[in-house]
Amino acid sequence: MNETIFDTTTSVPVRSRVAGPLIDVRGVGKIYGSTTVLEDVAMTVRPGEVVGLVGPNGAGKTTLIRILSGMSRPSRGEGTVLGRDIAATTGRVPFMGLMVERPMFIETLNARRNLELLFSIRGVVDGSTACDVLERVGLDPSERKAVRTYSLGMRQRLSLAQAIGERPALVVLDEPTNGLDPLGIVEMRGLVRELADRDGMGVLLTSHLLAEVEAVCDRVVLMHGGRARRVYAPGDADSRSTMVLEVAEPSDIERAACITALEVIGREGPLRMRVKVHECVPDVIRALVGAGVGIEAIYRDGNGLERAYMEAVGE
Amino acid sequence: MMRQTFALIRIELARLFFSRRWMAGILIWGVAAKLAADEIAGHVVAAHLGKWTVYDVHAALMNNAFLVCFLMLTTFVLIACDSPARDRETRFAHVMMVRSGGRLQWWVAKIVPMLLASVVFQAGALGACIAVGVYGGGTLSREPSELALGTVKEGASVSTQLFFTPPARDADMLVREVGTSLYLALGFAAIGMGILALTVRYPLSWLPGLAAVGVTLVDRILSWFIHASWYSWVSLPYRLMEAAHSAVVVDDPLPLWSSLLCWTVLLVGSAIGGARMLRDVDV
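Those protein sequences? They're chains B and F, same order as listed. Okay, so the first sequence: first residue is 53 according to the numbering used here, each after it adds one. Okay, so the second sequence: first residue is 15 according to the numbering used here, each after it adds one.
Everything labelled a hint here was simulated from the structure, so no lab data went into it. Any given hint could turn out to be false.
A partial selection of chain B residues facing chain F, derived with a Cβ cut-off under 10 Å [as the list claims (entries may be wrong)]:
hint, residue
1, 82
2, 119
3, 362
Restraint-style ranges between C-beta atoms, simulated for each label pair [claimed, not checked]:
hint, chain 1, residue 1, chain 2, residue 2, range
4, F, 293, B, 324, 55 to 61 Å
5, F, 215, B, 127, 14 to 20 Å
6, B, 88, F, 241, 50 to 56 Å
7, F, 45, B, 238, 50 to 56 Å
8, F, 234, B, 187, 54 to 60 Å
9, B, 323, F, 219, 53 to 59 Å
10, F, 133, B, 362, 58 to 64 Å
11, F, 137, B, 179, 21 to 27 Å
12, F, 80, B, 128, 49 to 55 Å
13, B, 92, F, 218, 46 to 52 Å
Yeah, the Cβ is synthetic: ideal placement off N, Cα and C, and Gly gets one too.
Okay, chain F solo, but in the shape it has when bound:
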């Protein structure tokens, strides 16, 4: 049974990572990195600061709700989260399931590539930030820049940066941004897992994309009606932002553990819930 599951995972990995949909991912990484780099470069000039690093670009990108939620999350979901629904629509799921010997193996083979894709997606975004940052004049120094540290120069037209949490003076920015990427990968994977579970019940290939956009739109609407202190606790997109956990950047920061718990519960709960639903539905 394990051998069958591993073979299935191998096939699903090949299907996912040889897909031309990643071209859209590369495009979105580039666009998002460019927008973040322009934002950083503009702030540096206005704040009369010196050099900025490529990691500043990544840190700013990871805290831009529009870029992360609308562009990156939607793209990720479109790349990695519609295959169960698509396979059921085309009945390729039947071909795979009669080989797998059981539905659970098929479900596991859908989950593992999605989890890996979330890490690859964030690695791609980090790579794009480095490439675009270097091209745009940023340095590769792993020491925090003046911008990152929140330095305020006299006579500058802007105040301290509030793009992301200022790091410690001796921080390694590469390590820090890898950590941020992994955190965001966990968040993307959890939301992606929730969407996968949703498509078990409603196997419609257009649903994942709509759900990804819907999560962000509903979140925006909620933010108008719910008190800010409540909103920060119930909003999933808000939790994706690293700066939401920083007392320097926001007034009412979320504890990091609460977000890690939230993503873990969503991830594991959706995986188990999806498996239970899949056992009973008509495929």
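So that you can see chain B by itself, here it is in the shape it has in the complex:
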């Protein structure tokens, strides 16, 4: 088994030397005593891809992350994470970046010293990396204050820094926006996309902020009751063709429903409906105007993940 996935000579992320996806698991299940907390979960994460994991509390997200990061052995299922068999019994864990929900550090030391110590374990990056990565996550490398004085948001940033600083091929982020202010959330979103698009990392993240997950992820695995209920892809043709139409009068709803260029898939009050468009948007608008529909607004449905989530949870 080859677990070396970091090229120390170039100091940039390299794809896992293991051919194929970074995460590729099937039929993963976990049973504690008589309680099944995870059942038949399949997942793949490829380099340069951001995959979200969403679901209510107790859905099995953390259990899955524990299995993927080598902290827990599955009761059943098979597959690999960075080339490591998830059912391996050697106690070895794969080289990945991991950001946990409640980050802890050496409270009496400053952020830079904390990172230097953490990075010294693997020894794959030099001393200047700590400064670089602190700047990248929006923290001041010259800050002398001890970490114990940090706000939750600052700790989250520092936790992200420790996860990505050594540029692993795979980063797992558990609730990365927890405790961040709105600006911090936007910055985090940009950074996560950058990790995938520019650095080529594979990113697996969990969050309860569905709009953020939808904005940043290529695919989202919707979990409920220990099962992966559905995979939602925000950017796929199906998601992009779902739109919201707002009209001037209630009678416009009936007129719009007669147009073949679109299909009404749900009503939201007397003047608004969700539609699936079958042609390009300008053609649909022309058809609506031609049918005498008073259009107030038509826009892409930004709550697709929320709907998919509600459907998955409600099943």
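Following the hints, complete the assembly by docking chain F onto the known chain B.
Chain F in isolation, oriented as in the chain B frame:
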């Protein structure tokens, strides 16, 4: 792999020794030393003896079951033995383990600081006894005092001291107390190791403190029901007392080798057992 383990140990050492929990240790050392010094000073007056030394304070402290087991052992465990459980509760253990490359390295990095902490803890207690002893009127003489030798003065209201084993007349008291400290450090480390291993199976951060108090409480209860000759062999807190091995102080002394063997078996057995359990548990 060795480099990773050393780096992990360095971090765990920093986490342990930069912790503000040592303030509690300093407080407990001071309180324990003061209580022992008062005990010694009172005995000296009652026995019509002359000067006493700071090492008498330490020797008395190391043989006071309440101070050693309830105060010092519990404080030591709270300082040095809850980090594996705490790290698993907060999942910081995951962050460290994905870096360490394996669970065994993480386990070793938890053990080494705890072992060092047991020595530092006893050194701190010795230092506190010296400081408090000097402040309370004791001397720094390394020769055994009359009190230490068990001298009995005519007309005194108390008999010979039974706080600790009387040393040889030419003994160096500093060397002797350093030896006692190292013995107690071994005992603390062994009990601490047992508690660390327990938290591998039950990763609850409140468990170490409870276990430390529990060891002493269970021991007290056992002492009511078990015959004294049996109790002395099965009691861990009793074995911590240096005087438990002295024919001068107790009727049925334990051989020192049996205690050294007991601590070594507990220490090594718990370290190996913890590593084996850690290999199989969900972290």
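Hint-by-hint comparison with the structure:
no., hint, result
1, 82, "holds, 8 Å"
2, 119, "holds, 9 Å"
3, 362, "violated, 29 Å"
4, F:293 with B:324: 55 to 61 Å, "holds, 58 Å"
5, F:215 with B:127: 14 to 20 Å, "holds, 19 Å"
6, B:88 with F:241: 50 to 56 Å, "holds, 51 Å"
7, F:45 with B:238: 50 to 56 Å, "holds, 53 Å"
8, F:234 with B:187: 54 to 60 Å, "holds, 58 Å"
9, B:323 with F:219: 53 to 59 Å, "holds, 56 Å"
10, F:133 with B:362: 58 to 64 Å, "holds, 59 Å"
11, F:137 with B:179: 21 to 27 Å, "violated, 33 Å"
12, F:80 with B:128: 49 to 55 Å, "holds, 53 Å"
13, B:92 with F:218: 46 to 52 Å, "violated, 31 Å"
Hints 3, 11, 13 from the list above are not met by this structure, while the remaining hints are.
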